[in-house]
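**Student:** Next come the chains, spelled out residue by residue.
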Amino acid sequence: MPQNLLTIFDKDRSNLIKAIQHVQKEEGFISNDQIINLADYFEIPLVDVEGVITFYTQFKRTKPGKFIVHVCDGTACHIKGSERIANWISEILGIADGETDAKGLFSLETVACLGCCSLAPVIAVNGKVYGNLDRKQLRKILHTYQQEAKK
Amino acid sequence: MINRIKIGTGSCGIAAGADEVLTFFQSNIKDIDIVEVGCIGHCYAEPLVEVETDNGSIFFSNVKANDASLQNILELGEKDRLTFSKVRKDKELVKVSKLAGRINPVSLEEYKANHGYEALTKALEMTPTDVVDQVKIGGLRGRGGGGFPTAMKWSFLAKHETGEKVLICNADEGDPGAFMDRSLMESIPHLVMEGMLIAAHATGATQIFIYARAEYPLAIRNLKIAIEQLQNEKLHIMDGREIQIVVKEGAGAFVCGEETAMIHSLEGYRGIPRFRPPFPTDSGYKGYPSLINNVETFASVPVLIREGGEEYAKVGTEGSKGTKLFALAGDLAFSGIIEVPMGITIGEVVYELGGAEKGSVKAVQIGGPSGGCIPEEHFDTPIDYDSLGKLGAIMGSGGLIVIGKQRCIVETARYFLDFTSRESCGKCTFCRVGNIRLLERLEKITSGNGSEQDLAFLEDMGPKIIKGSLCGLGKSAPNPVLSTLRFFRDEYLEHVNDKKCRALECKNLVNVEIDKEICIECGACIKTCPVNAISDDYVVDNTVCTRCNSCIEICPKKCISRTLGGNNE
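As given, the protein sequences belong to chains A and B, one line each in that order. If you're matching positions, the first sequence starts at 1 in the working numbering and goes up one per residue. If you're matching positions, the second sequence starts at 1 in the working numbering and goes up one per residue.
Hint data in this document are derived by calculation from the structure and do not stem from the laboratory. Certain hints may be false.
As the list claims (entries may be wrong) - Incomplete in silico selection of chain A near chain B, CB under 7 Å:
1) S14
2) R135
3) L138
Each residue gets a CB set at the ideal place from its N, CA and C atoms; glycine is no exception.
So here's chain B without its partners, still in its complex pose (with noise of 0.2 Å):
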C-alpha cells in the first residue's frame, strides 16, 4: 500500500532534524523505498515526510526520530498528519517551484519524467529572437529585486554577434530572510540549469557561472551533481557549440549581488562595483559581453517559454506578470516558501497564506534590508514592482518578514543599518561614512538619548545618501529607516520625548521587575543571573542588571518581565 517515503532533506529539514529522521527510518524500513527531497516549502511543519500510497500522498509533520513516530507512520496513523489549508491551495499558485520537495533533486530521470528540459527542446527548434520574443511577450522581470525586463537584457547580450559572452546566475542570496533561491537550487537545480541553457541559446553565450554562496553547501553539491548530469547527456552542447559551465563559491559579501561587484569578485578581486556604462552586457566579465540573471529567474523561464509567452503572461498584473517565490518568516504560524501570482495583496500573504493573527502585526518588511517597513494599513496593496515601489518599499528578492506588534520598530530599523553600514564595500563616501551617522543616531534613539534633532537628521540625510551613491546597496541603504519614519513617527517621537519603547525592546528604555504577588521564591533567577543583579529577597538591582532575559526565561511562574522604565527614572 505504501510505494514510497519522501523525506525533505533541504537545509531547513536538515536543522529541524530530518538527518536523524533518515537515518532513522533507513535502518528501520527495509522493503520501502526511502526517497529524499527537497523542500516544498512549509518550514514550520519540518521534519517533513510524504508518504506516497495508492490512494495518494499522506504529509506527516514535525516527526521524530522513534519508534512512536515511526510505527505512526507505517501504520499511516492520524498523529501529525499534515492537511494542507484550503487557503495555501486557493491562494498559492505553484508553477517554478512546482516539483520543489516532490522530486530527487539530483535525479535527472525524475525531472525528465516531470517535463523536465522539455521546455530546452521546444526552445532549440525556435530561433534565439524567438526565444526572447516570447520571453518579452511573457513580460518577466528580474526576480532579483531591481525588476528589469529580462528579454530586454537578453537582447542586449544576444546582438553581440561574435566572440566569448558570458551567462551569470546570480545565486549570492545573501539578503538575511530570503531563502527562495536555496529551496530552489537544492530542490530542483536542475530547472536553473534547464533555464540558464535556454538563455544560452537565446543569446549566444559560450560560458555560464553560477555565483553561489558558499554559505549554501548543499544547493552548491545539488547544482554540481545537476551539471555532471547534463553534461554526461550533451545537453550543454547547442548550436554547435559547447558551454562550458563552472559554479563559482562567494566569499561572503553581500555588495557581490550587484552586478559589476558580482563581476569583480568572478575575476579575484574585491567586489567594489564601478560606474555604468558601459553595462555589463557590453563589457563584462574579463572585458566579455555578460548577462547576469537572478536564481529565480532562470527559473521562471522553462515554465514561461513550455506554456509560451501569451499564457504565462495571463497571470500577474499589468506591469508584472507571472509568479513569484516568497519567504515568509518572523511572527507568524506558517513560516516557508510560497508562490504566488503578482498582484496578491500583502494581507493576503501575511495572514492567509502566513496565518499571522489579525491584529499581531505592526509591519512586514519587504525587499530585505534593502527594502522597505509596510505597515498593516496599507497590507491590501497588491504586491508587485510598482505598487510596492511607491511605498518606498521594493520587491527584492523575495524575503517577507512579518514584524509583531511586540517588535520595535526603531530597533529593527537600527538592525537593518548596522547591517548595510557593515556591508558597505567603502566605495561611495556617502554610503560608506553616511550610512554609519545614521547607524550612530539611531543608537542614539535606542538607547534613550535622542532628541528630534536627531530624527530631522535622519531624514535629511537619508536621501543624500541615496543620491550620492553609486549601487543598489547605498541607494537602498536608508530605505528602512526612511520607510519606517514615514509610517511609524510616533514610536520614534514616543523614543525621544518621552523616553519610551512601547515593545519593551530597547535595553536602556526598561527595567526588569520580579512580580511578588506570583513569585514562589524558587530561587531560579537568582542563581541563574549572570551579573548577580537579583537580591536575596528578589527585588532586581536595574542599575547592575543587563536586560539579558535569562531570569525572565527561567521563570517557572512567568513572573519577571520587563516594564517601561530605564533611563526616565
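Just chain A, same shape as in the assembly (with noise of 0.2 Å):
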C-alpha cells in the first residue's frame, strides 16, 4: 500500500480533509486500506477517519465509474426538470443514482449544484459541463460516451 501518497502532508490534523482529497483524486475512492493509513499517519483513532470521510459528500468509499456523471440538482436546475433529466439516464444507462454500472463504466451522481445555473438543466461528465439538455441531447451526449467506454 502506497503510504508514501501521505507524507507531502504535515501531520497536524487540520491537514486531514486534504490528505483524504488526496487520496481519492490519486487513487479514485477511499479503501479500507487507505483509512488505515491515514489513521496511522495522523496518529488519531479509525474512527475519526471514517467519521470525516462519511460526513463529506465528496468522498467515495467504493470504486466509481470510468465516467462519472453528474446530474445538477440546484435549483434552478430542478425547476428545468433535472429529475426528469436523472431519470433518463438512469434508463439509459441501466444505473441509479448513486450506482455503478457492472463493468465500471459509468457511475451516476446527483450533486446539489455545479453553479450553471443560467444554462439549466446542466450535467456533467468528468467535469465536462453539458447545459440546456433535452432528451435529445442527453441521448446524443451520453451515446458518445458508451462509444468511447467501449474502446
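Once you've looked at the hints, go ahead and assemble the two chains, each given alone in its own frame, into the complex.
**Tutor:** As C-alpha cells, this is what we get:
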C-alpha cells in the first residue's frame, strides 16, 4: 500500500481533509487500507477518519466508474426538470442514483449545484459540463461516452 | 482596427462551449491578441466574445467555434451582436464586479492598471482603527446571508491585542442557485485578496484562510495564482509581519457555511456547528481569535475604502448600504449576475433586469434553501436585509430564482426541504428528525395522499424546528415551507382536498394523454416509451406510465401532454 501518498503532508490534523482528498484523487476512492494508513499517519483513531469521510459528500468509499455523470439538482436545474434528466439517464445507462454499472464504466450521482444555473438543466461528465439539455441531446452525449467506453 | 479579442472563459462560458471557441479562434487568428477573461454576468449570452476596437467594444453572443462565426466577428458583422439593454444600464450599479469579465483575471498588471491595490495602499496609510471606522461609516453588512455589521465583527477581532489572529474567507458557496462568489473569484481574484489584506491590516490578523468549494476548480486555480502574484510583490508583508495565506478546499457539506462548522472543517473534523459563545472572534480556529467574512463582503471592502465610507453609504437604504450582487436564474429571459443598489424592488430585478414576462411569474425564491418564496403581489418590496426579513425570507448570499406560473409551489418547497434535510449535520434533534418529518408530509401531499391535518402539522412543526436548532441551517430550513404555506395556501389546499396539481408537476396527480385529433401516428412515442405504456392505437395506459415525459419531448406534433388526473380517478 503506497503509504508515501501522505508524506507530503504535515502531520497536523488540519491537513486530514486535504490528505483524504489527495488519496481520492490518486485512487478514485478511499479504501479500507487507506483509512488505516490515514489513521496511522495522523495518529488518530480509525473511526475519526471514517467519521470525516462519511460526513463529507465528496468522499467515496467504493470505486467509481470510468465516467462519472453528475446530474445537477440545484434550484435552477430542478425547476427546469433535472429529475426527468436523472430518470432518463438512469433509463439509458441502467443505473440508479449513486450506482456504478457492473462493468465499472458509468457512475451516476446527483449533486447540489454545479454553479452553471443559467444553462439549466445541466449535467457534467468527468467534469465537462453540458447545459440546456433536452432528451435528444442527452442521448447523444451519453451515446458518445458509451462509444468511447467500448474502446 | 481590432485591438484585442476577449473570450469569457468562466465556468458558465466553458459550459456553453467557450473552450472550443477559444481553441478555434487561437488556431485561426494569428495577428490579434486573444485574452481569456472572466464573467461579465450575461450568462444567457454565453459563449461571449468582446472585440476591442478603436471605437470601443463590440460584444458578440452565443458565438460558435466555426468559420462563419469567426468571420462575422472579424468583419464586425451585425449578426449575434449583443447590445446591453438600457434598463441594465439604468438600474444596475456596477461597482464591486466592475472588472469582472473586463480584465484578465490572472494578470496583476491589468488589475493594478485599473486602480487595483490602490485601496490597500490607502488603507495602509491609515491606522487600523480608522479603517474599521470607515467600514462602519460605509455601513457594510455581511453579504453571506446574516447581514451582520462588518465593522463590528472586525472590531471584535481587532480588540485582541497580541498573538495569532485568523481571517477566514467563506467561499463555500453552497446554496443551490447562487454563483456570485464563484464569478468574483474566477473573474477578479485580486479584488477578493485585496479586501482580505485590508481586513488583515484593520484587524491585525496573521493568518488568512480561504475556504473554497472543491466544486469550483477554476476559482481555486485563479485564487492560487493571484496569491502567488501578490506574494511575489510582497503585498502580504505589512505592518512588520508576513501574513500566511492558504486556500483550503471544502469537501461538500452545506452546513460548513456556518461559522463554527467551517472552523471545525478547517481543523480537520466533521463540520458540525457548536454552541456560541465563545464566538469565533474570541476563540476560533485552533482556539485563536478568528473572523469569517463572505467573498462578496471582502470584495466590497476595496470599493468602500477607495471611495470612502461616506461616499459608499450614499447608495442603498437606511439599514442596508452599498450594492449587492444577485445570481438570477430560473424562469426568466436574462439569467446571469447583476449588481444593484440595495433598495431596488424585487419587481425591478425580476421583470426589468431579468426580463421575465409580466404575468408569467408565480414567486421568487430569495436566499436559497434557507430563504423564502415571495409571491408576485409583494414584488414592490425593496431588496434589503430588513424588508425581506419581514416577509419571512432572507437576503441570503444572493441567489434569486424566478419560479414561473407553470411550477408547483408545493413541489418547490419539497425540493428545498429535501436538500436541507439531507444536509443537516445531525447534531440537533429538531433539525435532524423534524425536517425529515416535514419532508414526509410534503411528499404525502405531492403524492396526493395529504390532508388538511398535514398542513396543520407543517405549521406546528416548522416553528419548533426553528426554535430547537442551534445553527442557521436548522433555524431557516422550514422557511420555504412556511413562506409558501403563508402565501400559496390555496395551492396546498388544492393538493390535499381536490387532489389537484394545477401546475401539472406532481406525478401522482396527473395523467398523460395523446390528442388523437392532432396525432399523425408516427410511432415516435411508442418507440421511445421506456415502459411500453402506449398501445398500438395510441392510448396511454396511465397505470403503467411513469410520467417520465419522454414521449412529450419526442412528439413532433406536440400532441401529448399532461392533464389533471392521477389518483383522483
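**Student:** It remains to establish, for every hint, whether it holds in the given structure.
**Tutor:** Structure-based check of all given hints:
1. Interface hint status for S14/A: upheld, as the beta-carbon distance to the closest one in chain B is roughly 5 Å, under 7 Å.
2. Because the beta carbon of R135/A sits about 5 Å from the nearest beta carbon in chain B, less than 7 Å, this interface hint is met.
3. Nearest Cβ of chain B to the Cβ of L138/A: about 10 Å, over the 7 Å cut. The hint is violated.
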